[in-house]
Amino acid sequence: MNNYHQYDIIVVGAGGAGLMSALYASKKASTAVLSKLYPTRSHTGTAQGGVGAALGNIEEDHPEWHTFDTVKGSDYLGDQDAIEFMCSKAVPIVYELEHMGLPFSRTPDGTIAQRPFGGHTNNITGMPVPRACYSADRTGHMILQTLYQQCIKQNVRFYDEFQVLDVLIENGVTAGVVAIELATGELHVFHAKAVIFATGGHGRVWEITSNAYTYSGDGVAITLRRGIPAEDMEFFQFHPTGIYKMGILITEGVRGEGGVLINDEGERFMNTYAPTVKDLASRDIVSRAMYLEMRDGRGINGKRYMYLDMRPETVNKYAAEDGRKRPDGSPYIVTGEEMLSKLPDIVDFARTYLGVDPVTQPMPVQPTAHYAMGGIPTDMYGRVVIDAENTVLPGMYAAGEVGCVSAHGANRLGTNSLLDILVFGKYAGLDAVEYSHKTGFETLPAEPLEFTQQQLEELRSSKGDERASDIGEEMKSVMNDYVGVFRTEDGMSKAVEKVRQLKERFKQVQLGDTSRIFNTELISNWELGNLLDLAEVTAVSALARKESRGAHAREDFPKRDDENWMSHTLVWMRDGKVELDYKPVVITKFEPMERVY
Amino acid sequence: MSTRTVVQVGFNLDFAMWIFTRISGITLIVLAITGMVGAFWLGARIQMDVATLMRWTFFPNPNHVINSDIPDLIPGWANAYWQIMQMMIVFFGVTHGMNGLRVVIEDYLTESWWRTFWRGLIFFLWLFMMILAVYVILAS
Amino acid sequence: MKVTLKVFRYNPETDDKPHYDKFVVDAEPTDRILDLLEYVKGYQDGTLSFRRSCAHGICGSDAVRINGVNRLACKVLVQTLRSKKITVEPILGLPVIKDLIVDMESFFDHYLSVIPYFVNDEPPPMKERLQSPEQHERFEDTTKCILCACCTTSCPSFWSSEEYIGPAAIVTAHRFIFDSRDRAGAERLRILNDIFGVYRCHTIFNCTDACPREIEVTRAIGEVKKAIAIGKID
Amino acid sequence: MALRRNVGLKGLKYRGGGPMLTWELHRISGISIAVFIGLHVFASFLMQQFGSDFGTTMNIVYESLYFQIFIFFVVIWHGLNGLRIIILDTWPRLIEYQHEVTWLQWVIFIVIYGLTVFIMVMRTISGS
Ligand SMILES: Cc1cc2nc3c(=O)[nH]c(=O)nc-3n(C[C@H](O)[C@H](O)[C@H](O)COP(=O)(O)OP(=O)(O)OC[C@H]3O[C@@H](n4cnc5c(N)ncnc54)[C@H](O)[C@@H]3O)c2cc1C
Ligand code: HEM
Ligand code: SF4
Ligand code: F3S
Ligand code: FES
Chain A
1 MNNYHQYDII VVGAGGAGLM SALYASKKAS TAVLSKLYPT RSHTGTAQGG VGAALGNIEE
61 DHPEWHTFDT VKGSDYLGDQ DAIEFMCSKA VPIVYELEHM GLPFSRTPDG TIAQRPFGGH
121 TNNITGMPVP RACYSADRTG HMILQTLYQQ CIKQNVRFYD EFQVLDVLIE NGVTAGVVAI
181 ELATGELHVF HAKAVIFATG GHGRVWEITS NAYTYSGDGV AITLRRGIPA EDMEFFQFHP
241 TGIYKMGILI TEGVRGEGGV LINDEGERFM NTYAPTVKDL ASRDIVSRAM YLEMRDGRGI
301 NGKRYMYLDM RPETVNKYAA EDGRKRPDGS PYIVTGEEML SKLPDIVDFA RTYLGVDPVT
361 QPMPVQPTAH YAMGGIPTDM YGRVVIDAEN TVLPGMYAAG EVGCVSAHGA NRLGTNSLLD
421 ILVFGKYAGL DAVEYSHKTG FETLPAEPLE FTQQQLEELR SSKGDERASD IGEEMKSVMN
481 DYVGVFRTED GMSKAVEKVR QLKERFKQVQ LGDTSRIFNT ELISNWELGN LLDLAEVTAV
541 SALARKESRG AHAREDFPKR DDENWMSHTL VWMRDGKVEL DYKPVVITKF EPMERVY
Chain B
1 MSTRTVVQVG FNLDFAMWIF TRISGITLIV LAITGMVGAF WLGARIQMDV ATLMRWTFFP
61 NPNHVINSDI PDLIPGWANA YWQIMQMMIV FFGVTHGMNG LRVVIEDYLT ESWWRTFWRG
121 LIFFLWLFMM ILAVYVILAS
Chain C
1 MKVTLKVFRY NPETDDKPHY DKFVVDAEPT DRILDLLEYV KGYQDGTLSF RRSCAHGICG
61 SDAVRINGVN RLACKVLVQT LRSKKITVEP ILGLPVIKDL IVDMESFFDH YLSVIPYFVN
121 DEPPPMKERL QSPEQHERFE DTTKCILCAC CTTSCPSFWS SEEYIGPAAI VTAHRFIFDS
181 RDRAGAERLR ILNDIFGVYR CHTIFNCTDA CPREIEVTRA IGEVKKAIAI GKID
Chain D
1 MALRRNVGLK GLKYRGGGPM LTWELHRISG ISIAVFIGLH VFASFLMQQF GSDFGTTMNI
61 VYESLYFQIF IFFVVIWHGL NGLRIIILDT WPRLIEYQHE VTWLQWVIFI VIYGLTVFIM
121 VMRTISGS
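Chains as they are written, first to last, in my numbering: chain A, 1 to 597; chain B, 1 to 140; chain C, 1 to 234; chain D, 1 to 128.
Errors might be hidden in some of the hints.
What the hints assert, rightly or not - Below 25 Å or equal to it, Euclidean Cα-Cα: the simulated DSS-like pairs (lysine-lysine) are:
| no. | chain 1 | residue 1 | chain 2 | residue 2 |
| --- | --- | --- | --- | --- |
| 1 | D | K10 | C | K17 |
| 2 | D | K13 | C | K17 |
| 3 | A | K494 | A | K559 |
| 4 | A | K476 | A | K303 |
| 5 | A | K559 | A | K589 |
| 6 | C | K127 | A | K153 |
| 7 | C | K127 | A | K89 |
| 8 | C | K85 | D | K10 |
| 9 | D | K13 | C | K85 |
Calculated from the structure, these hints are not laboratory results. Quantities reported herein were computed from a predicted structural model and do not represent experimental measurements.
Start from the sequences, fold in the hints, and give me the full structure.
As structure tokens, then:
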């Protein structure tokens with residue numbers, strides 16, 4: 001067979017999670033990495049603020065505190081065994097990255113520099129603790145580059161610009177994937193013992209988003225089509241500070257360095273919503289506070305944005321008010337140059353896209369769709385589980401944003417995603433190696449390409465008069481309006497209905513490009529199909545959850561309901577119908593409490 | 001900050017000529033300024049027009065002052081000192097210039113046999129120029 | 001405001017020669033050029049092909065030539081061009097596969113040739129290897145590179161010979177050579193001390209001007225040249 | 001199939017701006033001087049040895065005002081620009097100020113070259 005390849009392990013996606021697992025998998029098994037983008041274009045590269053690890057380089061800190069903060073941040077929906085695992089591996093994994101050459105910013109003593117981030121606290125005082133290890137404001141970029149470089153060093157086999165369209169499962173065991181080579185338009189079969197999905201998130205479902213064009217949720221959509229459920233899809237994080245109208249992210253590190261959010265009356269409103277940590281409360285809380293302010297007409301000029309202010313005079317004023325100190329005990333006073341050297345890219349973004357110089361002017365920001373807490377359900381070793389009893393699907397793994405371990409529960413803390421991709425990427429790789437040594441290759445299905453060809457054929461042959469871009473726009477706007485920061489029964493029902501209509505209309509989309517080589521229209525239409533599927537399962541999962549928890553905030557059920565809803569949502573798409581089920585949350589040490597910051 | 005010494009980076013034509021180009025560039029400027037100062041010393045300000053001065057500056061050959069008002073060439077202008085100066089300028093200038101041509105040509109030639117051919121050609125051109133120039137200087 | 005977008009078109013399956021298409025687009029002054037391309041693709045001509053991902057200048061997918069200079073399409077706003085005629089062409093010096101998509105293989109081959117990874121075989125300490133903020137600053141500028149190829153494909157030396165390793169690869173080498181923790185600097189200098197290494201750079205500065213990450217590319221190259229010339233890395 | 005990488009004259013349309021121009025001038029001037037010196041030495045040789053007409057003709061060309069204006073431009077530009085490159089090569093740190101350095105170079109160039117041409121032209125006009 002032409003275009004047939006065989007590897008022990010196939011990694012799908014070359015972001016942080018994919019590269020980390022490839023690095024470990026390729027040491028002991030034949031491994032190939034398939035990515036629809038050239039690896040260094042992956043979304044991990046855009047992560048700015050830092051990776052969380054309780055190194056304690058600046059102030060006292062402990063992995064146990066990190067664990068608790070994460071549990072609390074997750075609004076107690078995170079599985080505590082997984083969280084403890086992740087936080088205990090954080091310190092060694094950051095050192096490991098340093099040993100791979102990652103150029104972290106440094107403290108004057110030459111150790112890795114750290115800065116405060118939302119929700120990370122000293123468990124005794126409740127005050128913010130600097131836990132985010134950073135490399136200026138391009139931490140993700142440095143992680144991505146470093147991991148890619150190490151993969152080169154280790155001669156990992158890459159198939160760049162190969163987009164995976166289907167996963168092959170035969171006799172209940174993973175057998176490989178089908179991918180399209182973008183440069184030729186040809187389909188390839190990759191026969192494998194284990195497949196690791198690390199395809200990232202799906203923030204393009206929403207209109208205002210910090211996510212890349214290519215963040216179309218391919219991984220979850222592919223597995224949904226193959227009967228694998230998705231977990232906790234209703235929990236999607238809205239980051240408080242996206243550039244107004246564009247959604248481009250302004251890292252929480254800005255607030256970590258002392259920046260504050262300001263409303264139309266010129267006041268720092270987070271005082272009222274989170275009296276202790278103020279602007280460094282966790283993201284769901286800050287985003288909601290912004291919405292409430294805007295709803296009460298205190299958005300800037302009555303519009304739907306707030307100011308994020310990192311001018312030295314503002315920073316110094318509020319730092320003095322909070323009594324913030326440097327590690328050496330001197331008062332916290334910053335200069336414009338210091339802000340510029342710690343946050344160069346943010347300054348650049350603001351200048352380029354807003355025409356605003358953040359050292360002398362405040363930046364207009366609004367909440368922006370940012371991160372998928374939900375995804376393909378897995379256990380701590382990245383093994384995909386397919387029901388409420390946690391039955392493992394042999395050979396199938398997921399890691400990174402595409403997976404749901406669940407270490408982030410209902411709300412992810414900043415810096416924990418980079419940690420997640422490193423830790424769970426690594427252990428997925430290791431487990432896949434072990435698995436591949438124990439088993440042989442599963443036989444491929446008789447017609448491995450059939451399902452893919454059928455999907456592509458449908459896209460190619462439709463003769464309707466709908467335009468994909470119209471459908472995409474409508475989906476994004478309805479999801480932003482009704483399945484955004486605040487949700488209601490009414491709105492979400494509308495959204496479900498609308499998305500279902502759009503899915504019908506999607507069948508009538510006409511394809512203009514009939515070429516084979518780099519048919520980007522075909523691909524983006526296929527991706528739109530994925531987004532529609534994910535929009536639907538998100539809206540349905542959200543509609544069913546009758547409580548407010550973490551990122552899922554309902555006006556009609558404003559309280560958390562531990563009695564009925566201390567459980568993860570599982571959602572399937574069977575024959576085009578959405579089905580739901582629930583599984584319990586793992587609680588080890590920390591009993592649910594009310595969440596105040 | 002520590003300085004790390006790199007034992008030997010490796011020696012090749014491009015390395016050598018890169019350094020030579022810079023050294024010769026500076027040397028040419030120094031030689032030219034010497035020539036110009038020398039000309040003033042010898043009374044160029046009243047006896048020479050600018051063009052001649054500049055020609056002398058870059059090429060202190062008595063031929064270059066023939067059509068000026070300088071009455072007697074021999075004592076100041078045409079002696080062994082200026083001949084040596086001239087030869088140095090010729091050596092540095094011609095070598096620098098010929099190497100420059102080589103660089104320009106090699107920018108556009110990637111097939112290595114063509115490159116070898118041109119290198120050879122330029123080398124012989126350089127040799128020819130040097131001999132010719134030395135001869136002209138000595139004979140003038 | 002209406003702007004005219006003139007785009008380089010080439011479809012390898014049907015065209016012998018490339019041509020230009022014109023699209024009239026209604027644009028806001030704050031729109032990115034990438035937004036215009038997306039608009040054309042979504043509403044006027046779905047066959048228009050280009051690469052893109054992050055849309056905010058950080059992934060390096062969409063290096064193109066806009067009004068004659070290399071830029072990321074997502075990092076140029078309509079208002080900064082101050083012109084209602086916008087020409088978008090593929091970057092120069094790499095084979096064009098389709099429309100604005102070029103074959104990046106030789107670019108990445110050069111990248112791969114400079115040992116583009118951290119080398120230090122000494123056993124690492126239990127914690128991090130120490131590095132002072134000054135030592136970090138020494139190479140910080142070049143760590144920002146996103147491998148977009150804006151620099152290399154703006155360099156006349158690269159246009160004239162594809163074998164020239166190009167500024168991007170030298171920038172990558174610089175990032176490691178000047179990292180106090182790395183141990184393969186000498187080897188990298190040896191690789192760059194080559195007819196197709198640093199000596200094809202004639203300080204033309206197009207690369208520095210084109211770099212969307214504002215890396216001082218020519219300076220990095222200059223520091224590498226100097227290190228080669230004096231045999232020391234400071 | 002993909003279009004071959006083929007830059008050709010398209011490179012000339014690249015809007016590299018000032019820095020690219022300085023390089024183009026440096027290259028053109030370098031080549032011009034090299035060709036000029038080559039021909040000049042050759043012509044001098046012919047004239048000296050054989051009193052050849054070719055040599056004399058060449059010398060007449062060289063001594064014409066227009067040629068002088070041209071060759072001084074080329075020499076002074078090449079020398080100054082070369083000096084800039086050498087300085088930047090020696091202290092790469094200064095590349096941070098490359099724009100300022102280039103402006104300074106233009107100013108110096110215009111002063112030196114302007115003065116030279118001015119005196120030359122004045123002399124020619126006054127017929128001395
Ligand atoms: C702007 C921004 C800032 C952030 N800042 C932070 C931060 O400061 N700290 C933090 O902890 N987290 C941060 N995050 C979150 C974090 O960066 C991401 O969640 C994380 O990088 C995801 O990594 P990943 O490896 O799962 O996926 P990605 O890095 O997105 O990689 C996905 C990979 O999958 C490939 N792929 C996708 N679909 C297919 C397919 N069908 N076939 C083949 N390949 C495919 C892609 O090519 C890509 O290589 C930020 C996120 C964003 C968007
Ligand atoms: C006046 C003093 C001079 C100085 C300071 C000088 C300096 C330089 C320098 C630094 C370069 C290298 C440019 C680079 O690497 O990009 C160079 C190139 C060159 N020089 Fe000179 N030079 C001088 C005189 C000359 C003379 C007299 C000639 C002719 C005989 C000449 C011909 C060339 C040529 C042909 C090049 C190559 C051009 C290129 O690579 O683009 N130079 N010069
Ligand atoms: S140095 Fe700048 S222009 Fe060159 S590849 Fe890197 S980021 Fe792009
Ligand atoms: S444009 Fe090219 S010649 Fe050197 S300074 Fe930049 S690499
Ligand atoms: S789309 Fe990522 S750099 Fe432009």
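Quick rundown of the hints versus the structure:
1. K10/D x K17/C: The given pair, whose Cα atoms are some 15 Å apart, holds under the 25 Å limit.
2. K13/D x K17/C: 19 Å, holds
3. K494/A x K559/A: This hinted pair holds, its Cα atoms lying about 23 Å apart.
4. K476/A x K303/A: Holds, at about 20 Å.
5. K559/A x K589/A: 23 Å, holds
6. K127/C x K153/A: 23 Å, holds
7. K127/C x K89/A: Status holds; Cα separation ~14 Å.
8. K85/C x K10/D: 19 Å, holds
9. K13/D x K85/C: 16 Å, holds
Checked against the numbered hints above, the structure breaks none of them.
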